[in-house]
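Listed below, chain by chain, are the residues.
Protein chains: 4
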Amino acid sequence: MLIVMEKTATPEQIENVVSIIEQKGYTPRPIPGGERVAIGVLRNKGPVDAALFLGIPGVKDTVPITRPYKLVSRETQPEDTIVTVGDVAIGNGRLTLMAGPCAIESELQALTIAEKVKAAGAHIFRGGAFKPRTSPYAFQGMGEEGLKIMARVREVTGMPIVTEVMDDQTFDLVEAYADIIQIGTRNMQNFSLLKRAGRSRKPIFLKRGLAATIDEWLMAAEYILEGGNTQVILCERGVRTFVNHSRNTLDVSAVPVVRKESHLPIIIDPSHAGGRRDQVIPLSRAAVAVGAHGLMVEVHHEPDKAMSDGAQSLYPEQFVSLCRQVDAIFRILQNGTDAI
Amino acid sequence: MLIVMEKTATPEQIENVVSIIEQKGYTPRPIPGGERVAIGVLRNKGPVDAALFLGIPGVKDTVPITRPYKLVSRETQPEDTIVTVGDVAIGNGRLTLMAGPCAIESELQALTIAEKVKAAGAHIFRGGAFKPRTSPYAFQGMGEEGLKIMARVREVTGMPIVTEVMDDQTFDLVEAYADIIQIGTRNMQNFSLLKRAGRSRKPIFLKRGLAATIDEWLMAAEYILEGGNTQVILCERGVRTFVNHSRNTLDVSAVPVVRKESHLPIIIDPSHAGGRRDQVIPLSRAAVAVGAHGLMVEVHHEPDKAMSDGAQSLYPEQFVSLCRQVDAIFRILQNGTDAI
Amino acid sequence: MLIVMEKTATPEQIENVVSIIEQKGYTPRPIPGGERVAIGVLRNKGPVDAALFLGIPGVKDTVPITRPYKLVSRETQPEDTIVTVGDVAIGNGRLTLMAGPCAIESELQALTIAEKVKAAGAHIFRGGAFKPRTSPYAFQGMGEEGLKIMARVREVTGMPIVTEVMDDQTFDLVEAYADIIQIGTRNMQNFSLLKRAGRSRKPIFLKRGLAATIDEWLMAAEYILEGGNTQVILCERGVRTFVNHSRNTLDVSAVPVVRKESHLPIIIDPSHAGGRRDQVIPLSRAAVAVGAHGLMVEVHHEPDKAMSDGAQSLYPEQFVSLCRQVDAIFRILQNGTDAI
Amino acid sequence: MLIVMEKTATPEQIENVVSIIEQKGYTPRPIPGGERVAIGVLRNKGPVDAALFLGIPGVKDTVPITRPYKLVSRETQPEDTIVTVGDVAIGNGRLTLMAGPCAIESELQALTIAEKVKAAGAHIFRGGAFKPRTSPYAFQGMGEEGLKIMARVREVTGMPIVTEVMDDQTFDLVEAYADIIQIGTRNMQNFSLLKRAGRSRKPIFLKRGLAATIDEWLMAAEYILEGGNTQVILCERGVRTFVNHSRNTLDVSAVPVVRKESHLPIIIDPSHAGGRRDQVIPLSRAAVAVGAHGLMVEVHHEPDKAMSDGAQSLYPEQFVSLCRQVDAIFRILQNGTDAI
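Chains as they are written, first to last, in our numbering: chain A, 23 to 362; chain B, 23 to 362; chain C, 23 to 362; chain D, 23 to 362.
Please keep in mind that the hints were generated in silico from the structure rather than gathered at the bench.
Any given hint could be a false lead.
Copies of the same chain look alike in the list, so a pair counts if it fits in one copy or across any two.
[To be verified] With a straight-line Cα cutoff of 30 Å, these simulated DSBU-like cross-link-like pairs (lysine-lysine) come out:
hint, residue 1, residue 2
1, Lys327, Lys46
2, Lys138, Lys217
3, Lys217, Lys170
4, Lys138, Lys327
5, Lys224, Lys282
Given these sequences and hints, build the entire structure.
Encoded structure:
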């Protein structure tokens with residue numbers, strides 16, 4: 023951290039800040055400049071709290087310099103993390119496609135969709151058994167019954183399954199069924215849930231919060247790694263901005279930034295980003311082109327009868343087209359970006 | 023809901039939408055316009071899912087018309103909800119001041135601060151025993167020990183206490199000690215926690231999420247009321263925007279809007295909104311002037327030694343000044359706005 | 023427009039709104055619902071001002087239904103607009119690449135860069151002669167001297183040139199030299215400039231404002247078309263959000279939305295969106311994959327000596343790689359999306 | 023500026039950055055830390071361009087330290103700027119109220135409103151003769167005829183007048199009539215207009231852009247001061263965020279920040295911030311309570327017949343109430359904040 027002093031700071035004020043830094047066990051390094059003094063805070067470990075300095079006489083501002091995360095950082099682990107579930111590996115240089123309905127509604131519905139998305143090229147089946155819903159009056163998911171149906175889908179199709187966990191109470195249950203456990207957008211900073219996920223032996227699929235910076239998102243992942251679980255997949259799904267023509271704003275630049283900062287794989291969810299069916303395929307192409315390791319896409323064979331998020335679910339034949347398009351784009355990236 | 027058809031929609035496409043509306047059990051009402059047709063969806067109860075119509079041939083857009091919440095709405099309950107804890111009533115026409123440290127650090131710290139804020143005019147003591155922290159390496163709070171200290175503060179000073187609950191596992195524990203249970207910003211849409219809060223017999227202090235619309239915030243409150251707990255206090259604490267001179271952007275207009283839409287009391291937290299000590303008093307004045315029912319303010323007698331959020335904590339003498347200023351402003355509102 | 027009445031609105035209040043609608047020359051169409059009445063406003067032309075109804079007793083809200091733009095709408099002109107300059111056509115089914123330095127610094131600099139970008143595959147040369155700069159102390163561009171250099175580049179390389187106009191006073195001058203006239207982000211709602219552009223006989227390259235909705239952006243284009251100039255190219259270059267890892271947030275979903283709503287071609291500027299060199303190539307791939315008609319990219323042969331925006335300028339060899347990658351992606355879109 | 027090196031930066035890379043700094047005429051100051059090296063850039067004048075360093079091998083990030091503005095800074099001029107027009111002074115310790123219609127529609131309308139707002143306590147009459155409108159089909163203002171009517175209002179009432187200028191072509195005209203010249207939100211970074219304003223002998227009323235940071239806003243003011251005109255009044259009028267219950271989000275914390283950073287007076291426009299009549303009075307109270315030097319408020323005697331922005335215009339009797347309330351709040355600030 024750098025502490026920037028007011029131009030008018032007195033030598034006594036500077037000395038006072040220096041001694042506070044020393045009291046906290048850090049090493050102060052004053053940097054006299056042309057107009058004002060700044061004081062570097064050299065430290066042993068962990069971030070320094072700006073709170074210690076803001077408001078002290080003569081201090082104008084504090085400037086953080088290093089990133090707060092450690093275990094998720096590529097500076098700690100230079101090589102990519104590859105997450106393996108069954109025959110599928112995420113982040114290993116192949117594109118991973120996760121697809122399925124927003125919510126599990128029945129065994130027939132789940133199997134129908136699963137077989138269609140598998141035939142199109144999906145590797146992992148997604149589906150919601152416990153659904154976080156803005157309204158208490160909306161369909162909240164089938165619960166364990168939904169999990170059993172998903173297990174049946176796995177049995178029939180061979181695809182690993184990913185599904186959301188909403189709380190600690192149902193974590194053991196979800197963990198018992200799922201191959202990958204999803205922590206949703208609204209729970210990205212549910213720290214109790216993150217700590218529980220850190221003790222899980224299953225990979226965690228961590229969606230970015232609606233208004234989370236990349237630092238905050240990686241810190242949420244840090245909770246999981248710090249707890250002992252290194253199998254974390256990040257998922258960008260759009261952030262909230264003033265833009266109103268899509269449900270959220272897909273932040274594609276998050277992909278190169280995350281890939282540079284962290285060794286964890288990153289997936290994009292174009293369905294929740296756009297929120298409308300006609301944006302899903304274009305956003306999927308952009309997601310793969312920008313360098314994501316995979317996609318999570320909502321597909322429903324009868325979207326106008328879906329019990330949630332039907333408006334953003336693709337028809338199975340659209341998903342076939344999507345797979346064809348993104349596979350072609352992904353092959354270009356594999357062949358063509360070596361010179362970048 | 024209103025379904026807006028494309029200008030080029032055919033009579034068959036319009037007829038198809040009409041029949042889908044009927045199949046869902048709603049009443050369609052086509053409205054032929056100059057340029058295009060719109061179709062009203064009249065309904066019995068609950069919101070209609072846009073998903074049912076977006077993507078159907080000939081449909082251009084859907085437009086929600088009514089608000090999704092019921093129990094929190096002033097249309098359901100015209101008179102103000104007054105939340106009572108001990109001798110203190112929130113929303114009864116008097117200004118409620120909640121103050122205390124971000125985190126409970128020791129009995130001495132808590133009692134020192136509590137006596138100072140009480141002397142200045144605070145009615146309720148705030149303090150964190152379980153702390154949601156962005157970093158897993160940051161101080162996470164004293165846990166039950168902190169709750170015991172807060173109970174001791176109540177015993178000594180007579181002030182009711184408000185403290186945050188982070189998860190279901192510790193809900194019973196927090197409920198046993200607290201007079202008011204806080205659900206924090208990052209948990210505003212932790213629906214499991216909201217449902218548990220709905221079964222509590224203690225008032226709930228529900229902070230607005232960082233990127234939550236008022237509709238989403240009121241829907242989170244709706245979860246609690248729907249569960250049977252009508253004692254909910256809303257707290258605006260700033261939202262996340264592009265603005266970088268304050269930690270968050272205090273959305274003062276939320277106060278008149280919430281007061282018009284809902285019967286629940288609304289408090290402002292200027293400390294987390296500004297994130298810097300020198301903004302807290304001006305924001306507090308704005309908060310009371312705009313019509314909030316009260317304030318929640320962080321105060322610490324040694325903010326440069328605080329274990330969290332010291333940079334935004336007021337010195338006790340600043341809190342004295344704050345109380346004096348906001349009381350004077352509140353009296354004007356009581357006397358002077360009858361003509362509005 | 024739809025006027026939503028309060029649940030408690032009286033028949034007299036409803037009747038009053040109906041008569042106001044009639045006084046304004048519109049046709050009212052009341053829609054009695056289960057809980058409340060809404061009143062449709064049918065109209066002959068142009069948008070209805072919400073101001074006429076908000077605040078009238080019994081009115082809860084107004085809901086706009088139709089889009090405010092006309093000439094730029096695909097409902098007015100279903101077929102794509104193709105903008106032609108010299109041998110280059112924009113929006114004709116081929117990918118258009120515009121490249122060059124942020125600012126023209128010298129003839130040698132401009133020619134050096136122009137020949138490199140042309141060799142790599144660029145079709146149009148970009149460069150700034152009049153530069154909008156946040157600081158009055160920053161380099162403001164070479165002015166007419168810069169325009170002359172650009173004309174020289176055109177003469178030598180055969181590439182058409184695009185450059186920014188900042189005001190009415192210099193419009194004639196810029197128009198005399200440029201093949202395409204750029205209106206920058208900060209001037210998107212400089213209505214005097216838009217009106218002047220509407221009288222120009224040169225194509226206009228209209229960048230989206232930092233916080234502009236698509237409606238506002240298309241309305242800015244509407245000013246130009248309404249003035250008589252139908253040759254408008256839209257350019258998405260990132261919007262301002264809370265996100266801080268890129269200079270702006272590239273809104274890729276703007277492309278499918280604009281292409282659906284309007285017949286005008288849309289280009290993406292990945293350089294200003296990312297603001298950092300290492301984001302430009304990934305964002306370019308995303309831009310082409312999502313369906314943009316072309317790219318505008320900053321390239322400099324000595325970016326660390328550039329007089330503005332060097333940090334986001336590609337090295338010429340990076341631009342070679344970019345062209346190769348986006349061409350491959352664009353070919354996939356031409357071949358592969360017929361089934362979408 | 024501080025240049026943060028990668029942990030893995032080699033001594034050669036560090037040496038290279040040091041020599042680049044020297045080549046540019048700055049003084050490098052390396053700061054070896056526990057984990058990585060940072061290099062301070064000490065300079066004589068003006069900001070250092072990050073572009074010079076981002077992308078150089080071994081460089082992780084650059085961190086700006088000092089503010090880019092000079093003349094508007096309180097570090098340059100510690101005492102408040104007081105802007106005087108006729109008998110009215112802005113920023114002199116009294117509250118300044120500017121009021122009037124959005125657009126001048128007729129002499130009768132203007133005089134009617136002017137006399138009502140003057141009687142209520144307004145000091146300056148506002149009104150639009152040239153109107154920036156999102157739609158080319160909307161009423162664009164009366165032009166010079168409107169200016170003549172405003173001059174007539176001044177003659178009759180004695181109130182100075184403030185009105186917007188939209189471009190260079192009409193600057194002389196507006197300057198000839200107006201006492202204070204307004205530069206609107208959409209023109210905050212119209213640099214040609216700012217330069218012209220810098221040559222004006224009339225005070226400039228500079229509205230904040232929809233997505234402008236305070237740094238950018240103060241830099242826009244810097245253009246005017248740098249041009250020789252020191253009479254600048256800043257106006258906060260809400261910024262664009264995801265929030266949809268008000269037209270814009272009033273950023274009240276801008277007031278204490280601007281007052282700390284700059285010596286220029288700051289006014290709040292609650293009418294454009296809220297965009298709805300029922301938010302104007304609460305926001306006005308907040309504006310004065312937070313410390314603004316004054317308000318600019320839209321008032322219309324027949325808002326439902328107004329030609330623009332009627333929905334946010336107060337009735338004259340509401341403005342009477344507003345004046346009474348904010349005067350009382352302002353008196354408290356004058357008396358009561360000495361201890362802050």
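For this session: Enumerate the violated hints, using their earlier numbering and listing them in ascending order.
Result: The structure breaks only hint 2.
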